[in-house]
Structure formats: C-alpha cells, structure tokens
Amino acid sequence: MNLVQTPWLPVQRQDETRERIALWQLLDQHDTNPVMALGSLRPDFNGALTQFLIALLQTCCTVDEETWEDWLFDPPPAEELRSRFAQVSNAFALDGDGPCFMQDLDKNLEGTISRIEALLIDAPGENTLKNNQDHFTKRASGKALCLPCTGAALLTLQINAPAGGAGNRTGLRGGGPLTTLIQIHGIPQAFAPHGPTLFQQLWLNVLDELAFRSHCPGNLEADNPFPWTEPTRTSRQGEVITPQDSHPLTVFWATPRRIRLDFKHVETGTCSLCGDSSASLIREYVTRNYGANYDAWMHPHSPYYQNQETAWMPLHPQPGGIGYRHWSDLIHEQDKRRQAGVVTRFKKLPSRISRRVGRISLWASGYDMDNMKPRCWHESRMPLFLLEDANQQAQLEGFAETLIAGGKEVCAVLSQSLRKAWFSPGRKVRGDTSFIDLAFWADTESAFFRKLDRLSEGIKNGEDVMELNFKVMSEWRMDLERVSVALFNRWAESGAMEFENPKRIAEAHNNLLKRLRGPKLRERILDLPKPDKPKKKTLQVKEAA
38 MNLVQTPWLP VQRQDETRER IALWQLLDQH DTNPVMALGS LRPDFNGALT
88 QFLIALLQTC CTVDEETWED WLFDPPPAEE LRSRFAQVSN AFALDGDGPC
138 FMQDLDKNLE GTISRIEALL IDAPGENTLK NNQDHFTKRA SGKALCLPCT
188 GAALLTLQIN APAGGAGNRT GLRGGGPLTT LIQIHGIPQA FAPHGPTLFQ
238 QLWLNVLDEL AFRSHCPGNL EADNPFPWTE PTRTSRQGEV ITPQDSHPLT
288 VFWATPRRIR LDFKHVETGT CSLCGDSSAS LIREYVTRNY GANYDAWMHP
338 HSPYYQNQET AWMPLHPQPG GIGYRHWSDL IHEQDKRRQA GVVTRFKKLP
388 SRISRRVGRI SLWASGYDMD NMKPRCWHES RMPLFLLEDA NQQAQLEGFA
438 ETLIAGGKEV CAVLSQSLRK AWFSPGRKVR GDTSFIDLAF WADTESAFFR
488 KLDRLSEGIK NGEDVMELNF KVMSEWRMDL ERVSVALFNR WAESGAMEFE
538 NPKRIAEAHN NLLKRLRGPK LRERILDLPK PDKPKKKTLQ VKEAA
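Here our numbering is used: the first residue of the sequence shown is 38, the next is one more, and so on.
It should be emphasised that the hints constitute simulated quantities derived from the structure, not laboratory data. Check before you lean on any hint, since a few could be wrong.
What the hints assert, rightly or not - The list that follows gives simulated cross-link-like pairs (lysine-lysine, DSS-like), each with its CA atoms no further than 25 angstroms apart: (1) Lys445 to Lys551; (2) Lys570 to Lys557; (3) Lys445 to Lys557; (4) Lys557 to Lys567; (5) Lys457 to Lys540.
To be verified - Listed next, with one range per pair, are the computed distances between beta-carbon atoms: (6) Pro44 to Ser251: 33 to 41 angstroms; (7) Glu530 to Gly275: 55 to 63 angstroms; (8) Gln226 to Asp313: 38 to 46 angstroms.
Note that beta-carbon positions come from the ideal geometry of N, C-alpha and C, so glycine has one too.
Kindly produce the complete structure, drawing on both the sequences and the hints.
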C-alpha cells in the first residue's frame, strides 16, 4: 500500500457520500461534488490526517503568494496534485522492500513485539494490563487493523508520541501537542455555492514561499525531509536533532519512535476500528527505544511560550478543555507567548485576500496527557476577529484580555463562595470541584464572543473608545453576575436538607454579590468608573404658619 497512490483516505463529499480516495483526489470533482471533510471515526485520526495533508501540500506545493492566492479561490485540477505528489511517492509506501512510511529503515529491527492496538494513544499500556488496571479503557484481545487504519494510527502516534518508559522519545512538540489551525467560517461569497472545500481549508494553512522560510528554519543544504528514508538517527548517548542539521520540512515529518510493522503475519478478516473487510490485517509491530530526539524546533501549527530558561516550549492542552479563556493566548503575540506560525501568517495577509475569505475560526485540538496516560482529547472551534489596522487589532486584543481577566476573577469568586456555602470555616475538604469552572466557562462563552464581536465592530467603525469600553464592560459584568449567581443557586442547595446550613448559604451568597459588584472587578479589572453614590435624602421641616 502506498499512501500517495492507493485510495485509502476516508472522506465525505458534498452529497454526503463517504468513500476512500487517493490523496491527489482531494481535487477530484471539485466543481461538482467536492470533498468537504475527512471521515475517520476517531477525532485524533482526523486531527493527525489534517496535519498530514497540510504537510504533504507544503512539501510538494510551496508556491509564491500570488499562486497561493490563485489556488485558494480557484484550485488547480486534480492532475496537478497527482503530478506533484508522485514526485515523493517512494517515501510513502507503508510496506515493501524499500523505506516504509514513518518506520525504522531496518527491516529486521530487533526490539519488543507489541500488539497493534498499542499504536493507539488511548490504549492501555503494558503495565496497566499486567496489573489488571484497565478499568475504563479496556483491553481488546485479538484486535487487528486494516492498512488504512494502521497508517493513520502510526501517523497519529508519531505526531503525538507521549512520554513514558526509558528512551521512548516524545513527538517533535512533546507528548500531545496543541495544534491550532485557521478555518473558514460559514460560506463566504468567494466560496459559493457549496462553501469552502476540504482542500481550501487545508490550503489556508499551507505557507507561501516567504512565510515558509520565515516560520520553518533549517539547513537549506539538506536535501531529504523524510527521516525514515535514511539510516535511523538514534539518541542512546543523548544525541539531539535540531533545525540546524535538518531539512526545513522535517518539522512536519518527525519520527521519534522506532517502529516496524509486522507484514509477515497478516490475516484476513474485519478491521477492529473501521469495520471494513481486509485481506491484510496487521496484529503486531516491533518497537525499540532511543529513537530520534528532537529539540529546539518551532512547529508552525502550534503556539509556544517561553519558560524560565528562555527556551520556547509548545503549549499543550490541559484539564478543562480549550475555551475562550485561552483565546488571547492563542492569537495574541506577547513577550513570552508566540501564536502558531499559520496564525501569524494569516494576520499578515493582504486585505484583498482576508476580505474575500471572510470570517474565520481557530480550530484548536490535542491530547491532554499525564505523561504517557491520555486524560482526554480536546477539540474546540472559536471565532477569530481580525482587523486590518494593526493598532486597532492590538486594541481589540487588549479588550479581549480584559474580558478574560474578568471571567477568571468571577470564576474564582464563584468557586470560593460555593465552598463557603458547603463547608464550615476552617474545614479542609478535598475533592474535585472542576465542574464549577467548566460550567462557568461554558455558560459565559457565547456572551464573550458577542462582546468581542461588538468591540470589533465598534473599533472598526471608529466609535469612542471610552464609551465603547463602558458599554461593553458594563454588559459583561452583568453577564458574569447573572451566570455566577445562577450557578451558585443551582449548587449551593443541591445537597440533602439535613446537611445544609441556610445561614452559611445566605452569607456566601451575600459575599458573592459583594465581590461581583466590588471595586476589584469593576474598577481594577474591567476599568469601569466608580458607581455614583446615592444621594442622601434630607428631611425638610416646614415652619408653622
């Protein structure tokens, strides 16, 4: 099976039919019944396949900005992709006598024989199985995968490779990186009548020549971006692979895990993941530790932060998911924060392009990992508000930070108030109360984006900044109060009557209102003026006639 030539990619077309296509067929029937979305049953596969397709387009189709613009609004014929992809097809054979996609070059690799389901990041590990601790993620005896699912699983693991075990190297961005990509929102006129196709959504994240050189540094004298086509670079002595000694495109094709799929013992049957019948089911693979160890890379699909040692580290999803509280961190360039390269590039596109693209959103996804254990797969799509004027954009992002700061303050106050309602003073109680935060952020998200939309329009139309701030922040404070009081009332009295303390609940409620209306939130965070003090009424005494 060759991942470039064989029809294997699961997709959905405009008429909602599902099929498997060869990669160049992304543009097949583009004007009549285009491919609109990926069709894998696993969201982590869809995330990895999206990055894979962007990487392949970047590898084979890096063009100047003018051509990039032409391809976005008027994609080339499918044969153009077929011709370009064919030039690298030798590197994309999943099996065979030559180099095999994202596998160790040594065909007779000696190492640990693993069950094929161990390629899946959420599969229970060997120690979990040994100790019979697979309570929530159950083992699957006799699992076998078809070649398309095996290829997708291998790709997903190499991108997200988590920590765990001596010498088991993590992905180029660490275990379970956060990926942020630009997506077209709705159906702008430029993409009528069917809306943006899968190719156009992918192409929006392919960098033109100048942007690629800016965001993907590397050794320009290197001529091979595919590590698996060369003798495997290992790291038993602590060796690292940096951009300075690698092809710039290696950032998309890193292979930290030494893996060799077992094609000697294939079987006929039904794939345990997709349910398709296959004459080439894979049950095992060989793996060995101390594979490639990547360091000091900046991937254009991920945001970064600067740690105390001044090194740039990729962001990773955390418990609680991805929501509007992260909005500013993901799209606002700061001293110790960098947005993903694809976001930076889009913000710098000429206005003629961004206007035609219309409204866009940020697709953020990734695994929340606890070392080698996945806690959750997170995925979120959030609208972006981008203004053509850089100063106006900075002003909008400043307002967004203020809105988020207000939300964080009220979320903390709500959690503290509920604890005061539930427990007596000084009592130390352990327990997971993250559901409070999750509900608060979810219930205020739509209001946040409405406020951001209002601010964006106001700034763009030249409204007075002071008046705009007063109107929007006043409404936001009321939104925060409404949601937090509703959540307090829902949970403060949610227990059995014999365990509740009405006096304690009332005091906690009053404290919540006091802090919601106090100077810290109003004046120091939301930059609202002090409320007018009510005028004292004076008693007038009329003299007797």
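Satisfaction of the hinted span 38 to 46 angstroms by the C-beta atoms belonging to Gln226 and Asp313: holds (39 angstroms)
Given hint Lys551 paired with Lys445 - CA-CA distance at most 25 angstroms: holds (17 angstroms)
Lys557 paired with Lys567 [C-alpha distance capped at 25 angstroms]: Measuring from Cα to Cα gives roughly 11 angstroms; hence the hint holds.
Distance restraint between Lys570 and Lys557, which requires alpha-carbon spacing of 25 angstroms or less: holds (17 angstroms)
33 to 41 angstroms as the expected CB spacing between Ser251 and Pro44, which holds or is violated: Distance hint for Pro44, Ser251 holds at roughly 36 angstroms.
Lys445 paired with Lys557 [C-alpha distance capped at 25 angstroms]: holds (12 angstroms)
Pair hint outcome, Lys457 versus Lys540 [Cα-Cα no greater than 25 angstroms]: Measuring from Cα to Cα gives roughly 11 angstroms; hence the hint holds.
Consistency of beta-carbon spacing, Gly275 to Glu530, with hint 55 to 63 angstroms: The hinted range 55 to 63 angstroms holds for Glu530 and Gly275, with Cβ atoms some 58 angstroms apart.
In the structure shown, no violation is registered for any of the earlier numbered hints.
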